[in-house]
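J.: Chains as they are written, first to last, in my numbering: chain R, -16 to 280; chain S, 4 to 111.
In case anyone wonders, no lab produced these hints; they're calculated from the structure.
For every residue, glycine included, the Cβ atom is placed at its ideal position computed from N, Cα and C.
Don't take every hint at face value.
[To be verified] To be clear about the criterion: a stretch of chain R counts as covered by chain S if any three or more of its residues have a C-beta under 8 Å from a C-beta of chain S, and this derived list gives those stretches:
#1 24 to 35
#2 61 to 72
#3 110 to 118
[As the list claims (entries may be wrong)] PhoX-like cross-link-like pairs, simulated, lysine-lysine; straight-line CA separation at most 25 Å:
#4 68/S x 121/R
#5 82/S x 121/R
#6 173/R x 74/S
#7 121/R x 85/S
#8 48/S x 79/R
#9 82/S x 107/R
#10 37/R x 256/R
#11 68/S x 60/R
#12 60/R x 88/S
#13 26/R x 195/R
#14 258/R x 9/R
#15 21/S x 147/R
#16 188/R x 82/S
#17 108/S x 48/S
#18 111/S x 123/R
#19 188/R x 23/S
#20 78/R x 48/S
#21 60/R x 107/S
#22 188/R x 88/S
#23 203/R x 72/S
#24 107/R x 72/S
#25 21/S x 123/R
#26 107/R x 88/S
#27 147/R x 72/S
#28 123/R x 68/S
#29 154/R x 203/R
#30 188/R x 74/S
#31 195/R x 83/R
#32 107/R x 85/S
#33 48/S x 68/R
#34 94/R x 258/R
#35 107/R x 54/S
#36 123/R x 85/S
#37 74/S x 195/R
#38 121/R x 60/S
#39 68/S x 188/R
#40 107/R x 83/R
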Amino acid sequence: MYDVAIIGLGPAGATAAIYSARYNLKTIVVGQVPGGTAAEAHKICNYPPFAEIKGFELAQRLLQHVQAMNVEVVFGKVENIEKKKDFFELNTGDKKIQAKKIVIATGTKRKQLGISRENEFRGKGISYCATCDGMFYKNKVAGVVGGGNAALTAALLLSEFAEKVYIFYRKDKFYKAEPAWTEQVLKNKKISPIFDVEIKELIGKTELEAVKLSNKKEIKLDGLFVEIGSDPNIAAVESLGVKKDERGYIIIDENCKTNIKGVYAAGDITNHKLKQIVVAEADGAVAATNIYHELMQ
Amino acid sequence: MAHIEVNDSNFDKEVIEKSKDKYILVDFWAPWCMPCLMLAPNLEKVAGEFKGLEFVKVNADENSKLGTKYKIMSIPAVKLFKDGKVIDEFVGSFPEQGIRDFLKKNIK
């Protein structure tokens, strides 16, 4: 029986694991991608004291930090969680883990465009990871769908390889992105934003060759990067009955407690408005500390 | 299961030639691709469960000829070779069971 089981290996889960280990709690963390969505970030420039760090590097450091502590790390997916009398049982498919308290730090998953042929062209022009695939667009034409920070940083990264980068955004200007990214995008000669449009059709024989926009125009390109935001990654914890807000994010109090005793949540999966690494890490620390106090009582 | 790193110059010998006698599972990856790093140990483990299958890796960043030839546009890209040809493939990180199902479906 573990004192704490943490689900998720992003900044929130990793920090919860580190704090929990330092409180000498018997800790296990189950996660699929070290660093979570932050691992795919091209550059992170708002995580002090790093003036600039690559998401991949941050993810590696997070994992190294967790592994240096007395924490068991399982790379895998939690299928579901069952509440027993005074503990919880996590099912990973090939393993059952029992713990007195749990921290849900499963973060978010990327939204898909939800249009025809999207899955058919995946890996054949449609991509959801600019840091992974940007290098395949040397001297090619790439498009990015979206207008938030993720879309703009993806476009900036792609401009280092591609000969031209389109940004397709449904609003009339970049409202959501940080002004620092917007400025860089607007003065980058390789990047052409097209506002007030949506992607209506993906065109190509076996690979993506063009997109048809809601203004009826057809744009030829070699690849399209989908950066239109995310949804909470809630499937594994659905059966617990945690209270969620209208968008599906878990409601927590100032101690990171959910409505279910013994169940805490931290990071992007929570109803915090600001989805940032610093916020997620703070949540992880708060959750672990409150679990420690609860167990000591 | 141990794996070997294959590159532009020895791909024909290590993959095309050898796939005449057995199945070769090729993982196109790059060092900064986190989904690639997560997938590789799962591939290696599950590949070890199958007889007549060899697992090799190609660094897609250093071997652009192969990247172009096999139209790699997203990684991780995993391709299963038999008789010199790609018989099935997938893109993105897969859990162990997903890889097992993929191999079971294809290996006769």
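J.: Indicate, hint by hint, whether the structure satisfies it.
T.: Okay, the hints, checked on the actual structure:
1. Residue count for the region 24 to 35 of chain R with a Cβ under 8 Å from a Cβ of chain S: 0. That is fewer than the three needed, and the coverage hint is violated.
2. Only when three residues or more bring their CB closer than 8 Å to a CB of chain S does the claim for the region 61 to 72 of chain R stand; here the count is 0, and the claim is violated.
3. Counting residues of the region 110 to 118 of chain R whose CB lies closer than 8 Å to any CB of chain S gives 6, so the stated coverage by that chain holds, three being the minimum.
4. For the proposed pair residue 68/S and residue 121/R, the alpha carbon gap of about 13 Å is at most 25 Å, so the pair holds.
5. Between residue 82/S and residue 121/R the alpha-carbon distance is near 23 Å, which keeps this suggested pair within the 25 Å criterion.
6. Pair hint residue 173/R plus residue 74/S holds up; C-alpha atoms about 24 Å apart against a cutoff of 25 Å.
7. For the suggested pair residue 121/R and residue 85/S, the alpha carbons sit about 30 Å apart, so the restraint of at most 25 Å is broken.
8. Under the criterion of a C-alpha separation no larger than 25 Å, the hint pairing residue 48/S with residue 79/R is consistent with the structure, at around 21 Å.
9. Under the criterion of a C-alpha separation no larger than 25 Å, the hint pairing residue 82/S with residue 107/R is consistent with the structure, at around 14 Å.
10. As the CA atoms of residue 37/R and residue 256/R are separated by approximately 24 Å, the hinted pair is consistent with the 25 Å bound.
11. Distance restraint check for residue 68/S and residue 60/R: the Cα-Cα separation of roughly 35 Å exceeds the 25 Å cut-off, and the hinted pair is therefore not satisfied.
12. For a cut-off of 25 Å, the pair hint linking residue 60/R to residue 88/S is broken: about 33 Å separates their Cα positions.
13. Taken as a hint, the residue 26/R and residue 195/R pair is broken in the structure, with Cα atoms around 30 Å apart against an allowance of 25 Å.
14. Between residue 258/R and residue 9/R the CA atoms are separated by roughly 29 Å; this puts the pair beyond 25 Å, and the hint is violated.
15. Proposed proximity of residue 21/S and residue 147/R is contradicted: the alpha carbons are some 40 Å apart, above 25 Å.
16. With a C-alpha separation of about 20 Å, the suggested pairing of residue 188/R with residue 82/S holds against the 25 Å cut-off.
17. With a C-alpha separation of about 17 Å, the suggested pairing of residue 108/S with residue 48/S holds against the 25 Å cut-off.
18. Restraint check: the Cα-Cα separation between residue 111/S and residue 123/R comes to about 39 Å, which exceeds 25 Å; the hinted pair is violated.
19. The straight-line distance between the Cα atoms of residue 188/R and residue 23/S is roughly 30 Å, outside the 25 Å bound, and the hint therefore fails.
20. About 17 Å separates the Cα atoms of residue 78/R and residue 48/S, which keeps this hinted pair within 25 Å; it holds.
21. Of the pairs offered as hints, the one joining residue 60/R and residue 107/S holds, with about 21 Å between alpha carbons and a cut-off of 25 Å not exceeded.
22. Of the supplied pair hints, the one linking residue 188/R and residue 88/S holds, its CA atoms being roughly 21 Å apart against a limit of 25 Å.
23. About 22 Å separates the Cα atoms of residue 203/R and residue 72/S, which keeps this hinted pair within 25 Å; it holds.
24. In summary, the hint linking residue 107/R to residue 72/S is supported, as the alpha carbons are separated by about 13 Å, within the 25 Å threshold.
25. Between residue 21/S and residue 123/R the CA atoms are separated by roughly 34 Å; this puts the pair beyond 25 Å, and the hint is violated.
26. Distance check on the hinted pair: residue 107/R and residue 88/S sit about 18 Å apart at the alpha-carbon level, within 25 Å; holds.
27. In summary, the hint linking residue 147/R to residue 72/S is supported, as the alpha carbons are separated by about 23 Å, within the 25 Å threshold.
28. Simply put, residue 123/R and residue 68/S have alpha-carbon atoms about 16 Å apart, close enough for the 25 Å limit, and the pair holds.
29. Restraint check: the Cα-Cα separation between residue 154/R and residue 203/R comes to about 22 Å, which is no more than 25 Å; the hinted pair holds.
30. A C-alpha spacing of about 14 Å is found between residue 188/R and residue 74/S, which places the hinted pair at or below 25 Å, so the restraint holds.
31. Simply put, residue 195/R and residue 83/R have alpha-carbon atoms about 53 Å apart, too far for the 25 Å limit, and the pair is violated.
32. Under the criterion of a C-alpha separation no larger than 25 Å, the hint pairing residue 107/R with residue 85/S is consistent with the structure, at around 22 Å.
33. A threshold of 25 Å between alpha carbons decides the hint, and for residue 48/S with residue 68/R the separation of about 36 Å lies outside it, so the pair is violated.
34. About 16 Å separates the Cα atoms of residue 94/R and residue 258/R, which keeps this hinted pair within 25 Å; it holds.
35. This hinted pair does not check out: residue 107/R and residue 54/S have alpha carbons roughly 31 Å apart, beyond 25 Å.
36. For the given pair, residue 123/R sits about 31 Å from residue 85/S by alpha-carbon distance, which is inconsistent with the 25 Å threshold.
37. With a C-alpha separation of about 23 Å, the suggested pair residue 74/S and residue 195/R falls inside the 25 Å cut-off, and the hint holds.
38. Straight-line distance between C-alpha atoms of residue 121/R and residue 60/S comes to about 22 Å, which keeps the hinted pair within the 25 Å bound.
39. Using a Cα cut-off of 25 Å, the hinted pair residue 68/S and residue 188/R holds, with the two alpha carbons roughly 23 Å apart.
40. With a C-alpha separation of about 45 Å, the suggested pair residue 107/R and residue 83/R falls outside the 25 Å cut-off, and the hint is violated.
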